[in-house]
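Protein chains in written order, with the numbering used here: chain A, 1 to 157; chain B, 1 to 157; chain C, 1 to 157; chain D, 1 to 157; chain E, 1 to 157; chain F, 1 to 157; chain G, 1 to 157; chain H, 1 to 157.
Just so you know, these hints were derived from the structure itself, not from any lab. Don't take every hint at face value.
[Claimed, not checked] Ranges between beta-carbon positions, derived for each pair: (1) H:Y91 x B:K90: 33 to 43 Å; (2) D:G23 x H:A54: 26 to 36 Å; (3) F:E117 x A:H41: 42 to 52 Å; (4) H:G23 x E:Q26: 48 to 58 Å.
[To be verified] Derived DSS-like pairs (lysine-lysine); straight-line CA-CA distance at most 30 Å: (5) E:K3 x B:K92; (6) E:K3 x G:K90; (7) D:K3 x C:K3; (8) A:K3 x B:K3; (9) C:K92 x D:K3; (10) A:K92 x H:K3; (11) A:K3 x F:K3; (12) E:K90 x B:K90; (13) G:K92 x D:K3; (14) E:K90 x H:K90; (15) E:K92 x B:K90; (16) E:K3 x D:K90; (17) C:K92 x B:K92; (18) G:K3 x H:K90; (19) A:K90 x H:K90; (20) B:K3 x F:K3; (21) H:K3 x D:K3; (22) F:K3 x C:K3.
[Unchecked claim] Simulated coverage check for chain F against chain G, where a stretch passes if three residues somewhere in it have a Cβ under 8 Å from a Cβ of chain G: (23) 2 to 9; (24) 21 to 33; (25) 48 to 56; (26) 139 to 152.
For glycine and all other residues, C-beta sits at the position ideal for the given N, C-alpha and C.
Below, each chain spelled out in residue letters.
Protein chains: 8
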Amino acid sequence: MSKTWRVYLSGEIHSDWRERIEGAVQAAGLPVALSAPVTDHATSDDCGVRILGAEQNPFWHDNKGAKMNAIRTRTLIGDADVVVVRFGEKYKQWNAAFDAGFAAALGKPLIVLHLPEHSHALKEVDAAALAVAEEPEQVAQVLSYVITGELPGSNAT
Amino acid sequence: MSKTWRVYLSGEIHSDWRERIEGAVQAAGLPVALSAPVTDHATSDDCGVRILGAEQNPFWHDNKGAKMNAIRTRTLIGDADVVVVRFGEKYKQWNAAFDAGFAAALGKPLIVLHLPEHSHALKEVDAAALAVAEEPEQVAQVLSYVITGELPGSNAT
Amino acid sequence: MSKTWRVYLSGEIHSDWRERIEGAVQAAGLPVALSAPVTDHATSDDCGVRILGAEQNPFWHDNKGAKMNAIRTRTLIGDADVVVVRFGEKYKQWNAAFDAGFAAALGKPLIVLHLPEHSHALKEVDAAALAVAEEPEQVAQVLSYVITGELPGSNAT
Amino acid sequence: MSKTWRVYLSGEIHSDWRERIEGAVQAAGLPVALSAPVTDHATSDDCGVRILGAEQNPFWHDNKGAKMNAIRTRTLIGDADVVVVRFGEKYKQWNAAFDAGFAAALGKPLIVLHLPEHSHALKEVDAAALAVAEEPEQVAQVLSYVITGELPGSNAT
Amino acid sequence: MSKTWRVYLSGEIHSDWRERIEGAVQAAGLPVALSAPVTDHATSDDCGVRILGAEQNPFWHDNKGAKMNAIRTRTLIGDADVVVVRFGEKYKQWNAAFDAGFAAALGKPLIVLHLPEHSHALKEVDAAALAVAEEPEQVAQVLSYVITGELPGSNAT
Amino acid sequence: MSKTWRVYLSGEIHSDWRERIEGAVQAAGLPVALSAPVTDHATSDDCGVRILGAEQNPFWHDNKGAKMNAIRTRTLIGDADVVVVRFGEKYKQWNAAFDAGFAAALGKPLIVLHLPEHSHALKEVDAAALAVAEEPEQVAQVLSYVITGELPGSNAT
Amino acid sequence: MSKTWRVYLSGEIHSDWRERIEGAVQAAGLPVALSAPVTDHATSDDCGVRILGAEQNPFWHDNKGAKMNAIRTRTLIGDADVVVVRFGEKYKQWNAAFDAGFAAALGKPLIVLHLPEHSHALKEVDAAALAVAEEPEQVAQVLSYVITGELPGSNAT
Amino acid sequence: MSKTWRVYLSGEIHSDWRERIEGAVQAAGLPVALSAPVTDHATSDDCGVRILGAEQNPFWHDNKGAKMNAIRTRTLIGDADVVVVRFGEKYKQWNAAFDAGFAAALGKPLIVLHLPEHSHALKEVDAAALAVAEEPEQVAQVLSYVITGELPGSNAT
């Protein structure tokens with residue numbers, strides 16, 4: 001009867017932020033279906049050549065893989081009710097910002113997750129977001145509030 | 001087998017109009033899934049700062065909360081088959097009119113609910129509506145007719 | 001697992017063509033969910049004033065009713081996979097042609113159902129259709145073929 | 001500098017209503033570009049077979065012509081800021097109602113022009129319109145008001 | 001060669017804010033085409049009945065006028081690159097908030113103009129805006145910056 | 001809970017490539033709902049005249065059938081998450097390329113399946129694709145990877 | 001004042017059909033702006049590697065070129081009022097069919113040009129078209145009729 | 001008569017790449033209208049607070065500016081025929097990747113410009129592009145080819 005909210009978790013793949021959101025969402029019993037890109041780095045890099053054949057030129061090696069991943073990511077972003085994008089401390093993470101722009105242009109509600117030290121560099125991304133959080137648990141709380149209308153610590157549920 | 005109609009109830013939060021529609025819809029056994037914004041005033045005002053951190057400037061306090069609420073309201077309006085907007089006797093209720101305009105631009109069938117004394121001030125909103133009602137029970141009757149094809153007082157069902 | 005096809009049956013309300021399609025579709029066991037406007041003439045005419053209050057001017061009497069019916073018809077046409085529009089022998093039936101135009105602009109596959117004597121008058125409507133039939137049973141056969149890939153009289157199913 | 005309003009005039013082709021609108025629009029010096037379907041009946045009927053080759057079956061004769069006309073009508077309706085549809089006293093005029101539905105689904109502001117005797121039969125079409133007029137001069141006045149903000153008989157311009 | 005920016009000025013009609021924006025825009029020589037609703041109150045209220053015939057019921061008097069005005073306002077909002085909405089000190093101004101919601105759903109960049117005392121009541125509208133100003137001259141400066149890239153007081157142009 | 005991926009298999013109908021994909025997808029237990037055009041050549045050619053009446057002119061014989069098939073194909077392509085298009089060794093297969101263009105314009109992720117000898121002739125189609133495969137089993141592997149995130153030969157599932 | 005019709009000429013590049021349409025359109029003084037893909041075969045094949053660097057693998061050589069050409073073709077198809085696609089006697093011409101599908105999905109009026117011997121193979125493409133011609137001069141006549149409302153051989157203009 | 005191509009130049013603001021493209025485009029006499037974000041770093045950072053009032057919290061200082069810049073950037077990207085995004089050697093440049101994602105979701109043809117050393121980090125962005133260049137002059141050559149159909153060094157024009 002209740003709507004299941006589809007939430008796509010884009011971005012950084014080197015910490016456990018997705019698991020922390022998933023744990024908090026499950027603990028709260030929220031009707032949320034989480035999805036994400038393939039988060040195994042090597043698999044994600046090599047999927048194209050592993051399935052469709054090797055490439056000598058590393059550019060096309062990457063290109064084949066990135067396109068194959070796009071079948072997954074664009075479909076899931078297109079399906080999502082809410083898109084969460086996390087920026088970690090390291091790496092360029094241009095794919096995270098690309099996903100944020102993609103989601104924004106589709107009119108998807110955007111939640112951005114990053115440390116304060118990146119606020120200036122991420123100001124255009126944050127400006128397109130409906131919520132900017134620092135910790136994964138805050139994202140889970142946003143989802144909980146948005147879905148149930150209850151704030152953390154309230155006794156109402 | 002039968003379609004469940006998703007109906008979003010926007011606007012005034014100080015009377016029991018949503019409960020009256022819900023009661024009438026349930027009594028009639030209609031396949032309707034009602035949704036609404038968060039209707040607890042304090043919760044709705046403070047959600048942003050409670051989850052994402054305090055703001056000294058009241059403008060940003062409000063801004064954080066309004067954006068967080070928008071994750072819920074835009075998603076549910078976008079999902080809705082029908083949008084009902086109620087204007088009460090008091091307050092500016094600009095968010096209700098904003099939701100009406102938002103729904104109209106998305107091509108959502110719009111039902112507006114208000115007392116006759118506001119008809120002139122609401123003429124632009126009413127002009128975008130497919131039904132204008134004074135009482136919540138009328139809204140329930142509209143939904144009943146639209147879904148079942150039966151008018152109130154008929155013996156057919 | 002199998003897709004349920006949503007088929008909207010617009011137009012003429014004075015013969016049993018909808019029942020004939022429904023009967024044939026059920027006999028064939030097709031996964032089809034049929035929908036239609038309110039087909040009781042008096043109910044459809046008076047719904048607006050019965051629920052929302054009487055109007056002295058017949059124009060607004062009609063207007064209130066037509067808008068209320070539009071909540072139903074536009075939602076169901078918007079949901080439909082296929083729109084069938086039948087033109088009968090009598091009356092202007094401008095609402096049928098309006099629905100056909102509406103469905104065409106939304107890119108919905110259109111099946112038109114009418115007698116050959118109306119072919120010239122309906123040439124613009126037929127030109128927007130993917131099938132033009134004379135009998136309701138043909139419409140059911142089109143749906144059967146489109147969904148199952150089997151032609152009537154074949155032994156395959 | 002001023003916007004030129006593109007206005008498409010659909011429907012009845014047996015009276016001089018388009019000329020009356022055009023005359024009034026020109027007299028008022030309005031920045032309006034009028035367009036219309038091909039209004040010569042025989043030309044409109046025969047265009048398909050005259051250019052693309054004869055058809056023995058009258059259905060396909062009509063079909064070829066109606067599709068060729070659709071290249072013009074759909075393009076011009078798609079370009080239009082405002083769509084005017086006139087229903088005359090005679091004939092089925094299903095193409096007029098089809099155009100009205102097509103324009104409505106595209107979100108085009110719709111002005112409908114017909115005599116009061118057709119109000120009941122046209123109630124669904126009128127319910128989708130932003131103005132319903134009886135005389136072509138009223139349509140010109142609507143355009144004048146919409147574009148200049150001045151009402152007929154005012155001294156302001 | 002340079003793009004002309006189409007800017008729609010919605011909302012309050014009892015002060016000279018549009019003239020102040022227009023004056024500042026012209027003084028700066030900006031390539032801006034301003035548009036607005038009909039701002040003469042009586043004309044805007046009575047346009048429907050003046051052109052299309054009197055109504056005894058004030059609801060339909062208003063309805064006719066509001067729909068006629070919608071031909072203008074929806075077309076110009078749809079054409080606009082930027083939509084500015086001003087809320088004044090008085091009246092309900094639900095049409096202003098409706099326009100803001102309509103523009104937001106179309107993805108139009110929104111600039112909201114109001115005094116700080118209305119910030120709380122307008123928090124949902126402000127949350128959908130890309131700029132919130134208090135004075136018309138600020139709106140002109142925003143337009144100037146957005147178009148030329150120069151800030152007020154800089155020497156560069 | 002898990003999303004069912006809708007995959008449309010367009011193109012060549014003279015080999016068992018669809019069965020090979022279906023077999024591999026079922027063996028892997030993937031949540032995939034496959035759909036396809038009617039693949040019986042004679043049935044697909046004659047459906048129009050069989051149901052709606054014979055045509056003397058072979059052009060209209062074909063036209064009736066092609067439009068009836070379009071009810072199926074456009075609906076299923078519009079529903080699809082992923083569109084796979086296979087080009088075989090023989091025949092013009094313009095309908096396959098048409099479907100590829102149709103899917104590309106709708107923004108559907110496209111997988112193209114053909115032998116290397118057709119790479120030059122298909123370069124525009126391949127350039128619109130997110131994956132280009134030679135064997136049906138590769139398509140199944142792409143689907144498996146996209147849905148599960150596991151590569152063939154990995155032990156993770 | 002008069003609309004300039006943008007017409008994109010897709011498909012076969014080995015005969016003078018574009019020149020024949022252009023000549024006829026100019027002779028008739030029609031307000032038509034024709035556009036087309038790059039029709040020099042070698043240039044079109046090699047553009048990618050000539051500008052962006054050589055590729056050893058012919059697949060990527062083709063891919064680079066096809067994508068570069070897509071910048072032109074998709075932009076011009078997207079801009080077009082009418083899309084004409086010609087199929088010649090030779091070659092696979094899958095890009096022509098791809099363009100036809102692309103244009104159809106965008107709702108562009110489609111004119112297809114081919115010899116009768118290809119009617120069966122092109123039945124799906126023809127079924128999506130509003131006109132099917134055999135000679136370029138017929139296409140010019142269709143454009144002339146659609147724009148001016150006059151048939152060839154009439155004296156009216 | 002000839003189409004003017006609108007090209008938006010997004011991304012890196014610390015080198016003269018825009019000037020080099022502009023110079024090459026002008027030297028070639030191409031009908032191109034270039035646009036770009038505000039490229040003066042301090043102006044771009046401070047625009048929000050300079051016009052709309054100071055903020056104590058640097059997050060909101062940035063937020064005000066980023067939203068004001070978005071009025072410009074989203075409008076110009078939405079208007080563009082082609083979007084070019086350059087990634088430089090330094091900084092996070094998340095706004096460049098955000099713009100690339102935004103443009104990709106709108107279906108804009110994308111040209112990406114960066115050094116080979118960033119190919120791996122940019123593989124998702126490159127995979128969404130129709131051309132990937134290393135030097136600004138290549139971008140100008142792509143535009144020249146796309147618009148004129150001539151390759152650099154050919155004598156044809």
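Structure-based check of all given hints:
1. H:Y91 x B:K90: 33 to 43 Å: Between Y91 (chain H) and K90 (chain B), where Cβ atoms are some 51 Å apart, the hint is violated.
2. D:G23 x H:A54: 26 to 36 Å: At 59 Å between Cβs, range violated.
3. F:E117 x A:H41: 42 to 52 Å: violated (36 Å)
4. H:G23 x E:Q26: 48 to 58 Å: Given about 33 Å between the Cβ atoms, the range is violated.
5. E:K3 x B:K92: violated (38 Å)
6. E:K3 x G:K90: violated (45 Å)
7. D:K3 x C:K3: violated (48 Å)
8. A:K3 x B:K3: holds (15 Å)
9. C:K92 x D:K3: Judged against 30 Å, a Cα distance of about 38 Å means the pair is violated.
10. A:K92 x H:K3: violated (38 Å)
11. A:K3 x F:K3: Satisfied, since the Cα-Cα distance of roughly 15 Å is no more than 30 Å.
12. E:K90 x B:K90: The hint holds at about 14 Å.
13. G:K92 x D:K3: Cα-Cα ~47 Å, so violated.
14. E:K90 x H:K90: violated (52 Å)
15. E:K92 x B:K90: holds (10 Å)
16. E:K3 x D:K90: Violated, because 48 Å separates the two Cα atoms, which is more than 30 Å.
17. C:K92 x B:K92: violated (46 Å)
18. G:K3 x H:K90: Roughly 48 Å separates the two Cα atoms, so the pair is violated.
19. A:K90 x H:K90: With a Cα-Cα distance of about 14 Å, the restraint between K90 (chain A) and K90 (chain H) holds, given a limit of 30 Å.
20. B:K3 x F:K3: Within the cut-off at roughly 21 Å; holds.
21. H:K3 x D:K3: Cα-Cα ~21 Å, so holds.
22. F:K3 x C:K3: holds (15 Å)
23. 2 to 9: violated (count 0)
24. 21 to 33: violated (count 0)
25. 48 to 56: Result for this restraint: violated, n = 0.
26. 139 to 152: violated (count 0)
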